Amino acid sequence: MSDADRIDARTAEAGTREPLTGTLIFERGAEESRCVEPPVLDVPSVDLEDVLGGHARAMAPVLPHVTEVELARHYEHLASANFGVDSGFYPLGSCTMKYNPKVDEWACRLPGFARIHPYQPEETVQGALELMWGLQEALAEVAGLPAVSLQPAAGAHGELTGLLTIRAYHTANGDPRRRVLVPDSAHGTNPATVAMCGYEVVQVPSDERGGVDVAALKRLLDIDVAALMLTNPNTLGLFDENILEITSAVHEVGALAYCDGANLNAIMGWSRPGDMGFDALHINLHKTFATPHGGGGPGAGPVAVSDALAPYLPGPVVAQRDGGFAFAYPERSIGRVRSYAGNFGVLVRAYTYIRAVGGDGLRDISGQAVLSANYLKTLLADAWPVPYDRTCMHEFVMSGGPLRKSTGVRTLDVAKRLLDYGIHPPTVYFPLIVDEAMMVEPTETESKETLERFAAVLRRIAEEAAEDSGLLHGAPYSTPVRRLDEAAAVKNADVAWSPGDGSER
Amino acid sequence: MRFIPVTCGEQDEMLDSVGVPSIDGLYEDIPVGARLARPLDLPGAMGEIELAAHIEKLAAANEDGSRMVSFLGGGCYDHYVPAIVDSVVSKPAFFTAYTPYQPEVSQGTLQAIYEYQSMICQLTGMEVSNASMYDGATALAEAALMAARVTKRHRVVVSATVHPEWRETLATYVESGTLEVVEVAAKDGVSDGAAIAAALDDATAALLIASPSFYGTLEDLRSLGEAAHEVGALFVVATDPVLLGVLEPPASYGADIVVGEGQSLGNAISFGGPGLGVFACRKAHIRQMPGRVAGRTTDVDGRTGFVLTFSTREQHIRREKATSNICSNHSLNALAAGVYLAAMGADGLAGIGRASVAKAHYLEGALVATGRFERVFDAPFAAEFTLRYRGEATAMQARLRESGYLAGLDLGRFSADDAGLVMFAVTERHTRAVLDRFVEEVSAL
Amino acid sequence: MYPKELKYDREHEWVRLDGDVATIGISDFAQDQLGEVVYVDLPSVGEAVSTGESFGEVESVKSVSELFSPISGEIVEVNEALEDAPETVNEDCYNAGWMIKVKVEDTAEVEALMDADDYEAYIAEEA
Numbered sequence: 005m006s007d008a009d010r011i012d013a014r015t016a017e018a019g020t021r022e023p024l025t026g027t028l029i030f031e032r033g034a035e036e037s038r039c040v041e042p043p044v045l046d047v048p049s050v051d052l053e054d055v056l057g058g059h060a061r062a063m064a065p066v067l068p069h070v071t072e073v074e075l076a077r078h079y080e081h082l083a084s085a086n087f088g089v090d091s092g093f094y095p096l097g098s099c100t101m102k103y104n105p106k107v108d109e110w111a112c113r114l115p116g117f118a119r120i121h122p123y124q125p126e127e128t129v130q131g132a133l134e135l136m137w138g139l140q141e142a143l144a145e146v147a148g149l150p151a152v153s154l155q156p157a158a159g160a161h162g163e164l165t166g167l168l169t170i171r172a173y174h175t176a177n178g179d180p181r182r183r184v185l186v187p188d189s190a191h192g193t194n195p196a197t198v199a200m201c202g203y204e205v206v207q208v209p210s211d212e213r214g215g216v217d218v219a220a221l222k223r224l225l226d227i228d229v230a231a232l233m234l235t236n237p238n239t240l241g242l243f244d245e246n247i248l249e250i251t252s253a254v255h256e257v258g259a260l261a262y263c264d265g266a267n268l269n270a271i272m273g274w275s276r277p278g279d280m281g282f283d284a285l286h287i288n289l290h291k292t293f294a295t296p297h298g299g300g301g302p303g304a305g306p307v308a309v310s311d312a313l314a315p316y317l318p319g320p321v322v323a324q325r326d327g328g329f330a331f332a333y334p335e336r337s338i339g340r341v342r343s344y345a346g347n348f349g350v351l352v353r354a355y356t357y358i359r360a361v362g363g364d365g366l367r368d369i370s371g372q373a374v375l376s377a378n379y380l381k382t383l384l385a386d387a388w389p390v391p392y393d394r395t396c397m398h399e400f401v402m403s404g405g406p407l408r409k410s411t412g413v414r415t416l417d418v419a420k421r422l423l424d425y426g427i428h429p430p431t432v433y434f435p436l437i438v439d440e441a442m443m444v445e446p447t448e449t450e451s452k453e454t455l456e457r458f459a460a461v462l463r464r465i466a467e468e469a470a471e472d473s474g475l476l477h478g479a480p481y482s483t484p485v486r487r488l489d490e491a492a493a494v495k496n497a498d499v500a501w502s503p504g505d506g507s508e509r
Numbered sequence: 064m065r066f067i068p069v070t071c072g073e074q075d076e077m078l079d080s081v082g083v084p085s086i087d088g089l090y091e092d093i094p095v096g097a098r099l100a101r102p103l104d105l106p107g108a109m110g111e112i113e114l115a116a117h118i119e120k121l122a123a124a125n126e127d128g129s130r131m132v133s134f135l136g137g138g139c140y141d142h143y144v145p146a147i148v149d150s151v152v153s154k155p156a157f158f159t160a161y162t163p164y165q166p167e168v169s170q171g172t173l174q175a176i177y178e179y180q181s182m183i184c185q186l187t188g189m190e191v192s193n194a195s196m197y198d199g200a201t202a203l204a205e206a207a208l209m210a211a212r213v214t215k216r217h218r219v220v221v222s223a224t225v226h227p228e229w230r231e232t233l234a235t236y237v238e239s240g241t242l243e244v245v246e247v248a249a250k251d252g253v254s255d256g257a258a259i260a261a262a263l264d265d266a267t268a269a270l271l272i273a274s275p276s277f278y279g280t281l282e283d284l285r286s287l288g289e290a291a292h293e294v295g296a297l298f299v300v301a302t303d304p305v306l307l308g309v310l311e312p313p314a315s316y317g318a319d320i321v322v323g324e325g326q327s328l329g330n331a332i333s334f335g336g337p338g339l340g341v342f343a344c345r346k347a348h349i350r351q352m353p354g355r356v357a358g359r360t361t362d363v364d365g366r367t368g369f370v371l372t373f374s375t376r377e378q379h380i381r382r383e384k385a386t387s388n389i390c391s392n393h394s395l396n397a398l399a400a401g402v403y404l405a406a407m408g409a410d411g412l413a414g415i416g417r418a419s420v421a422k423a424h425y426l427e428g429a430l431v432a433t434g435r436f437e438r439v440f441d442a443p444f445a446a447e448f449t450l451r452y453r454g455e456a457t458a459m460q461a462r463l464r465e466s467g468y469l470a471g472l473d474l475g476r477f478s479a480d481d482a483g484l485v486m487f488a489v490t491e492r493h494t495r496a497v498l499d500r501f502v503e504e505v506s507a508l
Numbered sequence: 084m085y086p087k088e089l090k091y092d093r094e095h096e097w098v099r100l101d102g103d104v105a106t107i108g109i110s111d112f113a114q115d116q117l118g119e120v121v122y123v124d125l126p127s128v129g130e131a132v133s134t135g136e137s138f139g140e141v142e143s144v145k146s147v148s149e150l151f152s153p154i155s156g157e158i159v160e161v162n163e164a165l166e167d168a169p170e171t172v173n174e175d176c177y178n179a180g181w182m183i184k185v186k187v188e189d190t191a192e193v194e195a196l197m198d199a200d201d202y203e204a205y206i207a208e209e210a
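Protein chains in written order, with this note's numbering: chain H, 5 to 509; chain A, 64 to 508; chain B, 84 to 210.
No lab work stands behind these hints, which were simulated from the structure alone.
A hint or two may mislead.
What the hints assert, rightly or not - Lysine-lysine pairs mimicking DSS-like chemistry, simulated, CA-CA at most 25 Å apart:
{"id": "1", "chain 1": "H", "residue 1": "LYS495", "chain 2": "A", "residue 2": "LYS384"}
{"id": "2", "chain 1": "A", "residue 1": "LYS346", "chain 2": "B", "residue 2": "LYS145"}
{"id": "3", "chain 1": "B", "residue 1": "LYS145", "chain 2": "H", "residue 2": "LYS409"}
{"id": "4", "chain 1": "B", "residue 1": "LYS186", "chain 2": "B", "residue 2": "LYS87"}
{"id": "5", "chain 1": "B", "residue 1": "LYS145", "chain 2": "A", "residue 2": "LYS384"}
{"id": "6", "chain 1": "A", "residue 1": "LYS215", "chain 2": "A", "residue 2": "LYS384"}
{"id": "7", "chain 1": "A", "residue 1": "LYS120", "chain 2": "H", "residue 2": "LYS106"}
{"id": "8", "chain 1": "A", "residue 1": "LYS346", "chain 2": "A", "residue 2": "LYS384"}
{"id": "9", "chain 1": "H", "residue 1": "LYS495", "chain 2": "A", "residue 2": "LYS154"}
{"id": "10", "chain 1": "B", "residue 1": "LYS184", "chain 2": "B", "residue 2": "LYS87"}
{"id": "11", "chain 1": "A", "residue 1": "LYS154", "chain 2": "H", "residue 2": "LYS106"}
{"id": "12", "chain 1": "A", "residue 1": "LYS215", "chain 2": "A", "residue 2": "LYS346"}
{"id": "13", "chain 1": "H", "residue 1": "LYS106", "chain 2": "H", "residue 2": "LYS452"}
{"id": "14", "chain 1": "B", "residue 1": "LYS145", "chain 2": "H", "residue 2": "LYS495"}
Said to hold, decoys possible - Chain H is nowhere near these chain A residues, computed Cβ spacing over 12 Å in every case:
{"id": "15", "residue": "LYS215"}
{"id": "16", "residue": "GLY295"}
{"id": "17", "residue": "GLU437"}
{"id": "18", "residue": "ARG451"}
{"id": "19", "residue": "ALA482"}
As the list claims (entries may be wrong) - Computed Cβ-Cβ distance ranges for the label pairs, DEER-style:
{"id": "20", "chain 1": "B", "residue 1": "PRO86", "chain 2": "H", "residue 2": "GLU456", "range": "48 to 58 Å"}
{"id": "21", "chain 1": "A", "residue 1": "ASP264", "chain 2": "H", "residue 2": "GLY92", "range": "52 to 62 Å"}
{"id": "22", "chain 1": "H", "residue 1": "ASP505", "chain 2": "B", "residue 2": "ASP201", "range": "48 to 58 Å"}
{"id": "23", "chain 1": "B", "residue 1": "VAL104", "chain 2": "H", "residue 2": "THR27", "range": "51 to 61 Å"}
{"id": "24", "chain 1": "A", "residue 1": "ARG476", "chain 2": "H", "residue 2": "VAL257", "range": "38 to 48 Å"}
{"id": "25", "chain 1": "A", "residue 1": "THR457", "chain 2": "H", "residue 2": "ASP228", "range": "45 to 55 Å"}
{"id": "26", "chain 1": "B", "residue 1": "SER127", "chain 2": "A", "residue 2": "ASP264", "range": "22 to 32 Å"}
{"id": "27", "chain 1": "A", "residue 1": "ALA123", "chain 2": "H", "residue 2": "VAL44", "range": "29 to 39 Å"}
{"id": "28", "chain 1": "A", "residue 1": "GLY110", "chain 2": "H", "residue 2": "GLU467", "range": "39 to 49 Å"}
{"id": "29", "chain 1": "A", "residue 1": "ARG476", "chain 2": "H", "residue 2": "ARG336", "range": "14 to 24 Å"}
{"id": "30", "chain 1": "B", "residue 1": "ALA191", "chain 2": "H", "residue 2": "ILE227", "range": "41 to 51 Å"}
{"id": "31", "chain 1": "A", "residue 1": "GLU293", "chain 2": "B", "residue 2": "GLU208", "range": "49 to 59 Å"}
{"id": "32", "chain 1": "H", "residue 1": "ARG182", "chain 2": "A", "residue 2": "ALA123", "range": "50 to 60 Å"}
{"id": "33", "chain 1": "H", "residue 1": "THR27", "chain 2": "B", "residue 2": "GLU174", "range": "48 to 58 Å"}
All values derive from a computational prediction rather than experimental measurement.
The beta-carbon is built from N, C-alpha and C at its ideal position, and this holds for glycine as well.
Given these sequences and hints, build the entire structure.
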């Protein structure tokens, strides 16, 4: 049976798409084609070579030359080869791929937000400052931590900010420390951030229930530990039952507890990191607060901290002043971590979302996210083992290890096969402590029917694996391109088109 | 709840299957002391109609660029954004997608990144561009860290003509002592070549220069680059990519790493964020580059396709030994930049540059001619220039604001040494009529 | 799979001693675990290596492994062919896929390493 026959036989549900050709925008249009005309010059022209002091460009860059029609079709063609939340189910664990409300997109494009300059006098941007202040307040309330900086541009940037804040706190106390503890189940950004902050990473093992091994933690804690960086709920989708004991043990040696807020979508209105004993938290607005991922960003990673850490936050933050709002710079600030005040366009979206759903809505959202994950786990219970099987939060991690042993089919193959069914695969091979891991996060924005279909598809794929493992090794069949040669990508290192490429192709 | 499709009845069925009586039952792992026993103290939900009214009111409380004539720049510029740009970035298949970790269903994002990288390479003259950083400031800080990895040295020299917020960001990034930063004071609005040469030594990993500088001036990149290379340091150049249609690319001056704020390439100013961190370097250094990069390859059927590549540099694989902790970047802003550059083409971009430069010089001459301003720097400039106001700058700006002008950036806010200096940014959007009216207002002060 | 004439260490490097020069590479088990090798980062001739310390890295598409020296000495040659053809490590790990040659300080160090049978038993135990 050829691969093509298999598509007919096995992927009745999957649509086939127009094949991509890889034609680049540089290869479209004609030399004389234009989309936007250069502006008419209504002032005396200048001699560029002269006014630019000899820095005028000698040779024009080679950029595309297309009409607007060709440009529009090119990107529509590319878009058609993409899968987003609006395309279908996207249960990518740890990424919270929830629906991105359209009203948020409308809001951030209003000229009153999109066309204001960061250096305008504060009295001319009171609406923007009020919005930022409102968002700071809302995030502080959800976090259970009083002070917020909206400056960080992404989750990892928030981690950097939070950890530098902790570092500054220790330094100010005359107590510089050298190590930061990170669980073995942590996101890669955690150890990478620790290293950027000049600390040594020490790994903390997990216990058999999937939480932090408290005894091991206590052995590792000493006065040279600056902080514990912990994701809670953790990357197995479990709430650490010993969280209060953990944070108090950390505090006992004078260290601080940092919470990676990647999984905040599970607990809004149910439990607050501040109440768990955390001193600092970053929040991924592009996860929990429904701002879009944009194909990899921009996100925003605001940081919420305790009163003790508040003076060290990066500025500017927004404060109330004389009946209005103003930028303020914390007195012992670590300094800015970027230019201007933050990813404002993303902040507008998050604020709009929070006001749309309200405080009770946030709690309902978390409740449903957790229920949907548990329901899905129940539906899959006998087909896909979950190594740390207890009530999960908003996500759970299955192991493809047994399937691999019995059929030779790897989690990667299962992920690729899901694409044929029009479903984006879960996060795979993470966390590292689960063999052939598949991390499933359905989010609250999926219907019961979608969850049931996903479970049915995964069961069917397990059957396919048993019947014909070759089918899965060859998947996907219906996508614009199939498995790509990633080794060749590294070896050939073709990372930019240049004029002349076309002639070889 | 409009963003939850599960009905109340279905919720009960789901709870039944899971075997808990209510949602509270799912939270029993949370110790009592860590549970929130009260509702969140936040405003209640709003329907979309009320919400829209509330949001519009907040937006209307800002005096935006559609209501004011603005000459504010300082790294954030109000260039025209063609309508096609927003049409593309508004496609849900682009903006609701995650990082393209599953290339088979992410070819749109991946090819767009590859094309963006190609355009950045064309503009800067460099061989490799990454898929983006957060903004120009963080790109500069990451460039310094990268230079340290490449040279195995731990000291960088930065000119004080680099944007003060970028220098501050750099200082924050290396606060833990990972790098020593030596700042060299400016001289007449440009880098002090002699002082920089004196500051460079054989322990220096990089020289960091911006051109156009923060003051809008164009630096003598050739001699600065030579000075850096003489001691074996990398030459890091920060630039404004929208002007690279008319400015010689940094690679021509021997730049090893080029960074920049790419907001002007099709992105809204949006109160300063999200911007676009441009980052380009030599191919020989690709393994030390931070951030993602897309590459072209083929699939099992021999069809051309794109993937994220050189991933072993990144945090999800190399963890504490990664080249950076960056994960989410500013992909959608890079998409906007790609669409913008494709829409403009080389001619269009050169036209934008020519118009901005010509209008800036027109305004500069006219403002000096009013007698209210005087020139302070001799160095050439492109589309942004700095003058000294003969009087109280703050009062002047307040007066002109009443007439609908954001009359430049008062540099005193960044440094007491620069008090009285006012910087004006001009783009192709400023018509001669607008410039003339503004000059009249200034004359009437 | 594990040539008898070679010695092996616990980090899955093999050593072939010729006079006082040891050739070092990675075992078949190691190359199989890595998958397709796309890059090998090696030190320069003249550098010193010491037992148990990292002398380079080998990368596949989605993983990086450090290379640890089983012995101490000075590097006298590196396999520059791997720069253009890193896949040689997969194709011929014991011959053309060698990585460095080291002038050994103490040949007794080589003798103390595992022989093929011990190494095979060690792998079986690890798995």
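* In rising order, the numbers of the hints this structure does not comply with -> Violated hints: 9 and 33; rest satisfied.
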